[in-house]
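Asks: Below are the chains, spelled out letter by letter.
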Amino acid sequence: MTRIITTYGQLLAVAMGQTLLLALYGLFFACIIGMIVGIMSVVSSRACRFIAAVFVNLIRGVPMIVLAYFIFFGVPYLWNTILGIGGMTLTALQAGSICLALNCGAYMAEIIRAGIESVDVGQMEAARSLGLPWWRSMVRVVLPQAIRTMIPSIINQFIITLKDTSILSVIGFPELVNTAKNVVAATFMSFQTWAIVGAMYLVVILLLQWAAKALERRLKYGA
Amino acid sequence: MEHKEKKIAIHVSHLKKSFKQLEVLKDISLDVAEGEVVVIIGPSGSGKSTLLRCLNRLEAASGGEIVIDGTDITDRKCDINKVRERVGMVFQHFNLFNNMNVLRNLMLAPVDLKKQDRETARKKALEMLGRVGLSDKAQAYPHQLSGGQKQRVAIARALCMLPDIMLFDEPTSALDPEMVGEVLEVMKHLAHIGMTMVVVTHEMGFAREVGDRVIFMDGGLILEEGTPEAIFGNPQNPRTRDFLNKVL
Ligand SMILES: Nc1ncnc2c1ncn2[C@@H]1O[C@H](COP(=O)(O)OP(=O)(O)OP(=O)(O)O)[C@@H](O)[C@H]1O
Ligand SMILES: [Mg+2]
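Keeping their order, the protein sequence lines are chains H and E.
1 is the number of the first residue of the first sequence in my numbering; add one for each residue after it.
1001 is the number of the first residue of the second sequence in my numbering; add one for each residue after it.
Hints were generated in silico from the structure; no laboratory data involved.
The beta carbon of each residue, even a glycine, is placed where N, CA and C say it ideally should be.
Errors might be hidden in some of the hints.
Said to hold, decoys possible - If the Cβ cut is set under 8 angstroms, some of the chain H residues that face chain E in the computed set are: (1) Ser45; (2) Arg49; (3) Asn57; (4) Arg60; (5) Gly61; (6) Glu125; (7) Ala126; (8) Leu130; (9) Gly131; (10) Met138; (11) Thr149; (12) Lys181.
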């Protein structure tokens, strides 16, 4: 155990950094996608709602590992070979971020839609009755209330996405699981290595949960 | 007011409203003069709320015409938000913005719509809170108020937009009996200073005392209208009589 830590500790720490970087990129774009698609699924336009529903169901219906292979290998192949345009290269980080963003974005969209729908319609009606346009009513009145109820689900989704980065070891991104595999291959100490890796994930996720609790407390109204 | 020519604030003609197959308003025609207080009564499901909500297009009419202060709001091209700035609405369940304190509830629309700058809006908000007797609640959040206080804040919030017309949909129905009076007092005051009001209510005492005209609705139609004395004292339609017997 101590040999793993002294010899490979730094390597694993760097890999954890890569995992967090990937998760951060993924989550950042997932939030944007989730917000856009989530709002698209509550507007009055049927076309918008349809597009949003197709996106969410498509992503939810495909395992993330398939999505990862598709984006990393399939899309450049389509672009360069089938369409013959050429010149497209995706790094594992880019492909991985897109994959996480799409996957997490679809779930975020559902969380955001449900959050918006959980706010009493009277709130929107009151804002509209004062002459506020739909969009302003959304931003000033409905979303702030929706986000408050959504925070536990969003944190949960963040944690799932953080763990899902491990799936992206299959496209060769040097995140924690990929690196740990190399350590095991070099040392044969699978028990020690995977125990350490598990503990590393656990610590990060506990920290995230703790930060989330603090945030939730701060967002209580009129406290 | 007598020496002034009474202008029409609300003109409704042959209004129809259906939800899918369900025809809720069948053929409603109604004029409300400036400064007039019209009280709408009728059994549950008769379409009172729907009529009121059509007047600021929270529900879009299925047919007919609605003209508010000279603007035809059934015209899809009209700027409904501009009309709504002049038409306040008070809801049965108050609908105060839960994420804001009372002062910000009152200031939101005037500031966001650039009707008033922040400082003017703040002064106006405090003045309106004073009018409804809640000057000390400016910093409170909605969940810290009683029902009656919430409804008075909701009225003040609508008044901050300086509306010409106020719509009330059963403003006291969700209140404990001991809080009904304080809300009705505020509404009476508004009526006395000449606000044009359309009020859906089950408070017959209020209708009698404050209403210029009482309208009885049933089954999506106006069955009878007249002065409170006429409607309560000598109702003509048997359905009106029946309804009044049940509620009085
Ligand atoms: N958004 C809606 N979708 C479908 N049906 C509706 C909708 N709003 C109202 N209705 C129906 O229209 C009818 C009239 O409703 P409305 O709320 O106008 O009645 P009301 O006279 O205000 O009754 P109450 O005294 O109970 O408030 C009811 O049958 C109701 O179920
Ligand atoms: Mg009603």
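Asks: Next, verify each hint and record whether it holds.
Replies: Hints versus structure:
Checking Ser45 (chain H) against chain E: minimum C-beta separation of about 15 angstroms lies over 8 angstroms; hint violated. Interface hint status for Arg49 (chain H): violated, as the beta-carbon distance to the closest one in chain E is roughly 18 angstroms, over 8 angstroms. Given hint, Asn57 (chain H) at the interface with chain E, is violated; its Cβ is 26 angstroms from that chain's nearest Cβ, farther than 8 angstroms. The closest approach between the C-beta of Arg60 (chain H) and any C-beta of chain E is roughly 30 angstroms, which is over the 8 angstroms cut-off, so the hint fails.
Taking 8 angstroms as the C-beta cut-off, the interface hint given for Gly61 (chain H) is violated, the closest approach to chain E being about 32 angstroms. A hinted interface residue such as Glu125 (chain H) counts as satisfied when its beta carbon comes closer than 8 angstroms to some beta carbon of chain E; here the least separation is about 6 angstroms, so the hint holds. Of the supplied interface hints, the one on Ala126 (chain H) holds, with its beta-carbon coming within about 4 angstroms of a beta-carbon of chain E, less than 8 angstroms. Because the closest C-beta pair between Leu130 (chain H) and chain E is about 4 angstroms apart, less than 8 angstroms, the hint holds.
With 8 angstroms as the threshold, the beta carbon of Gly131 (chain H) comes within range of chain E, its nearest partner Cβ sitting at about 4 angstroms, so the hint holds. About 12 angstroms separates the beta-carbon of Met138 (chain H) from the nearest beta-carbon of chain E, more than 8 angstroms, and the hint is not met. A least Cβ separation of about 11 angstroms between Thr149 (chain H) and chain E goes past the 8 angstroms threshold, and the interface hint is therefore violated. Violation of the interface hint for Lys181 (chain H) is found here, the shortest Cβ-Cβ separation to chain E being roughly 48 angstroms, above the 8 angstroms cut-off.
Of the hints listed earlier, those the structure fails to meet are numbers 1, 2, 3, 4, 5, 10, 11 and 12, in rising order.
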